[in-house]
Every structure is written in structure tokens, then in C-alpha cells.
Amino acid sequence: MSEVKFSKEHEWITVEGDVATVGITKHATEMLGDIVFAELPEKGSNVDKDGTAGVVESTKAASDVYTPVSGEVVDTNQAIVDDPSKINEDPEGSAWFFKLKLKDSSEMDSLMNKEEYDKFAKENAS
Amino acid sequence: MEIKKTSLNKLHQSNSAKFVEFAGYEMPIKYSKGIIEEHKFTRSHSGIFDVSHMGQLFIYGDESLTEKLEKIFPLDLKNLKQNCSKYSFLMNEDAGIYDDLIITKIEEGYLIILNAACKDKDFEILSNLLGAKFKMNLDNNRSLIAIQGPKSVEILNSIINGVDQLKFMTGNWFDSDNKKLFVTRSGYTGEDGFEISISNDKAEKFVENLIEKGAQLIGLGARDTLRLEAGLCLYGHELDINKTPVEANLKWAISKSRLSNGDFIGSKKIMNQMNDGASQIRVGIKPEGRLIAREKTKIFDDADKQIGEITSGTFGPSVNGPIAMGYINKEYSKVDTKILLEVRGKKHPAIVCGLPFYKKSYVKGVN
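Quick note, the sequences are listed as chains Y and C, same order.
Note that my numbering has the first sequence beginning at 1, numbered continuously upward.
Note that my numbering has the second sequence beginning at 1001, numbered continuously upward.
Just to be clear, a hint being listed does not mean it is correct.
Unchecked claim - Facing chain Y, from chain C, some residues (calculated, C-beta under 7 Å): (1) Ser1032; (2) Ile1035; (3) Gln1216; (4) Leu1220; (5) Gly1289; (6) Arg1290; (7) Phe1315; (8) Val1319; (9) Gly1321.
Claimed, not checked - Each computed DSS-like pair below joins lysine-lysine, with the alpha-carbon atoms no more than 25 Å apart: (10) Lys1346/C to Lys119/Y; (11) Lys99/Y to Lys1040/C; (12) Lys122/Y to Lys26/Y; (13) Lys26/Y to Lys1346/C.
What the hints assert, rightly or not - In silico contact screen, one side only, chain Y against chain C (beta carbon under 8 Å); selected entries: (14) Thr25; (15) Gly33; (16) Asp34; (17) Val36; (18) Val55; (19) Ala62; (20) Tyr66; (21) Lys114; (22) Glu116.
Don't read these hints as lab results, they were simulated from the structure.
The C-beta atom is built at its ideal place from N, Cα and C for all residues, glycine as well.
Working from the sequences, and respecting the hints, build out all of it.
Structure, rendered in C-alpha cells:
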């Protein structure tokens, strides 16, 4: 598995072969608070880099989930739809959002590594 | 304008509050445990809410004050006993709501609790209506603390002996630490609880004392989910200048004896709506599944006709599902009517339901 990369919209992504797994970061869940609703993209749909690919809602507000790379959605995590509190419990592990078949693996290059993201998140903490 | 702070601001900070601006005040939206934990703690134990941003308006006067106030509020104030509270509204001639409030008859006058965002305008309106004869004091020297939840009576009574004798919607002055506190048994969560008016310099120590006894600070986020589960209106959402008490389904708060003579501001509109019915009415709404329908979500029937709009919507931690309130055309307002909610461009099924979502456990009387 590749190194974990991060987007400015607070998604994380890992790649195995040509399939990427995407979720939202622990920092994102801390900003959102208690997550009570999750909506995921449809399996088989195509999503474009930086486009919306889902929604999460906390008790206070809704936030879009973006995809850091383009591709075809090959799997989604029904467990977080059934119990959205799992996203707060294990955001960067079992509570992944969707898996994509990568369209262009070079899109990964513009993303941040852990160190860069941690710095970014610290500077953009609200 | 500089943001205002309540006398508990430092205490909020030291309890890791996350702040938001609300009605010009820096207020805690939540503390470290988060909205759901805070909500559940209030339902099972005892939550402390800083509501010092709300207005505490003391008006002093003789019998003529009661007569004057009866021209303003749809209440039977002449027969209201001292230390008894009523929920009411400040309205314009069209029965549009300037504010919703709690009015308590006290010795030599009335205490009115007003919404933070409305209090200055309310003061102006009431001053104009009442004239210069009565002493009015929108008291900024007092804080207002609510304590809500099943353990609150025991906790508060251990600090202010005798509050356990108060009945729901009554209040009284109590002495504690050589200061006069006005305590009412009331609240905004659907739980038994109290609101305590206390001088600013004593507020922090008082709340620290409540925390020592096992109560916890709760932010405005959980205050909102608690009141929504209890089916209670929030001004600026369910209520505003374009809504009447009849439309808001708050007819119960209008005194029957006052309806027959009808000489209060807005009475004509209210009587017309009581006779003919309002075209839209406030209802409870339950979305199917886990979908959350926020404020301004449009409501449709199955023929694609818009029939209403959501005014508040969230996830209810105690009912463990999404809940909402909104205004809907009268013919769709029956419980169990199937409706559709447009969220992010798609229509989702929901049903009209009775309120509250969460059953109240107010204490009606002692034993």
C-alpha cells in the first residue's frame, strides 16, 4: 500500500494497485463534531478530482465530502451510512468512505504527505 | 460592534468551550465532550446552561401596570397569582410575533425574560406602549443560569434550600450567600429544571458550586437539540414577525378569558384565525431513515406542489433519529400525512408527526 496522502479539503487517500481508498481525516471529524449522517457516491459512478462525492452532517451542519482524485467508484462503506458515529471513532481506519479505480495516478502527486497535512491542518484549524 | 461576553466567559474558556457569536454575544456552542454527550447528560443527569445573554426585564408598577400589560399580552394577568409564570408573545397589530417570552408576576411588578436578539427592540416597544409611568429595568447586572435534567432539583436544593418546593412555572426569591436570587421552575429542554437570576459577581462561583455537585456545563448546540426534541419554538426559526401564535400552533398560550373581550394588540387577527383557521401551521416532521432536513428545506406533496418549509431540523440524540419542525399548508397538517423533503436536489419521504418528539417529564407539583 502506498503512503497516505491528504487533500486540502481534509480527505485522506491510500492506493493499492490502481484502486484508491478515500476517507475524511481525524482533524476533519474534530472540526465537524458528532457525525450523525453520511451519504456516499453511487457504485459505478464516475467522480472528478475535487468534485463532491458525498456528504457528512454533524448535529449542527452539513458538509460536502470531496474526492482528491478522479475515478470510478468501485466500492462504498455501508457501515458508516448505517452508523455514522463510526466516522468519529475511527476516521482514518475502518470508517473509510469509498474506493475508486484511479483514472490518472499522476493526480496523486499534488496531494500532501502526513507532515505537510499536519502543518496545513494546524494553520487552518478553526 | 465589540462582541459581548457574559460573566461566565472565563469559566467557559477553562472548560474548553468552543465559542460562536450569538445575538452579539460570545457564547459556548459546545464543550470538550460534544453535543450528543452533552444532550444525553442533560436528559440523564443535570446540565448547566449560561443563558445570561437573554434579557431580564423588571417592570414595577401598581394595578394600572397590570391593566396596561393586558392590552399588550394575551394573558389573564389580573388573575395571575404572584410568583406564577406564563409563556406569551409580544405582537404587532397583525399578531406578528416580535418575541416570545416568559412573564412572571413578582412583588410590585413583573419580570419578563426576553430573547437575546430581541431584547433591546422589545424594551423600546414596551417603553413606547407603557409610557413613562412605570419603572423599567433591562437588568444587565444579573446573569441567568438554567439547570435542567432529572438530578437538577437535588443539586440545586443542596445549594438553595427550598427550591424543591417550587411548582412548574412558578418562581420565588431566595437568599444565598447574602444575595437575592430569583429562581423559577422552568426551562427549555423538556426536562424538569430551574432558571436562576443571580447578580453577575456571584454567577461564576455559583456555577462552580453546581459543577462540584455533579452538574455539567452544556453549550448552545445541545440546547438546540434538546428544545427541538421537546417540540419548543426558537425565535428566528419557528417564530418571527410574519408568524402568528395561531399559525405557530401556540393557541394554548392565549388565555381563553382574554379571547372573549379581545382588547389586546393583535387580537382581531388572532380571533379571525381561531374562527377560520390559519392557512399554514407549525407541525413536527420525521424524515425517513437518517436524512437530516435543515432549516429552509422545501416540503412537497406527491404531485410536486410545494406545501411548506422546514424551520428547524437536526438529529435528535435521545430519539436517535432525524427530527424537524416546519410550517405546512393546513390540509397537510394531520399526523401521519406523507410528505416529501427536497434535500440536495432530491426528494425524500417524511411524515407529519405530533410534538414533542421526546416526552416531557416536567414536575407539575410537589408530590
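Cut-off 8 Å, beta-carbon criterion: hint that Gly33/Y touches chain C:
At about 5 Å, which falls below the 8 Å cut-off, the nearest Cβ of chain C leaves the hint on Gly33/Y intact, so it holds.
Verify the proposed pairing of Lys1346/C with Lys119/Y, using a straight-line Cα cut of 25 Å.
violated, 38 Å
Let's test the interface hint: is any C-beta of chain Y closer than 7 Å to that of Ser1032/C?
violated, 11 Å
With a cut-off of 7 Å, does the beta carbon of Gly1289/C approach a beta carbon of chain Y closely enough for the hint to hold?
Since the shortest Cβ distance to chain Y is 9 Å, the answer is violated.
Just to be careful: measuring from the Cβ of Arg1290/C to every Cβ in chain Y, is the smallest value less than 7 Å?
Holds - the Cβ of Arg1290/C comes within 7 Å of chain Y, reaching about 5 Å at its closest.
If you take the shortest Cβ to Cβ gap from Val1319/C to chain Y, is it below 7 Å?
violated, 12 Å
Is the shortest C-beta separation between Gly1321/C and chain Y less than 7 Å?
violated, 9 Å
Closer than 8 Å between Cβ atoms is the bar; does Val55/Y clear it against chain C? Give me holds or violated.
Given a least distance of 7 Å, the restraint on Val55/Y holds.
Given Phe1315/C as an interface hint, is its Cβ closer than 7 Å to any Cβ of chain Y?
Hint holds; Phe1315/C Cβ to chain Y Cβ min 4 Å, cut 7 Å.
Agreement of hint Glu116/Y with chain C interface, Cβ distance less than 8 Å
Violated, about 26 Å.
Given hint Val36/Y near chain C, where the shortest CB pair must fall under 8 Å:
Cβ of Val36/Y sits 4 Å from chain C, so the hint holds.
Could you grab the alpha-carbon distance between Lys26/Y and Lys1346/C and see if it respects the 25 Å cut-off?
violated, 29 Å
Violation of the numbered hints given earlier is confined to hints 1, 3, 4, 5, 8, 9, 10, 11, 13, 14, 20, 21, 22; the remaining hints are satisfied by the structure.
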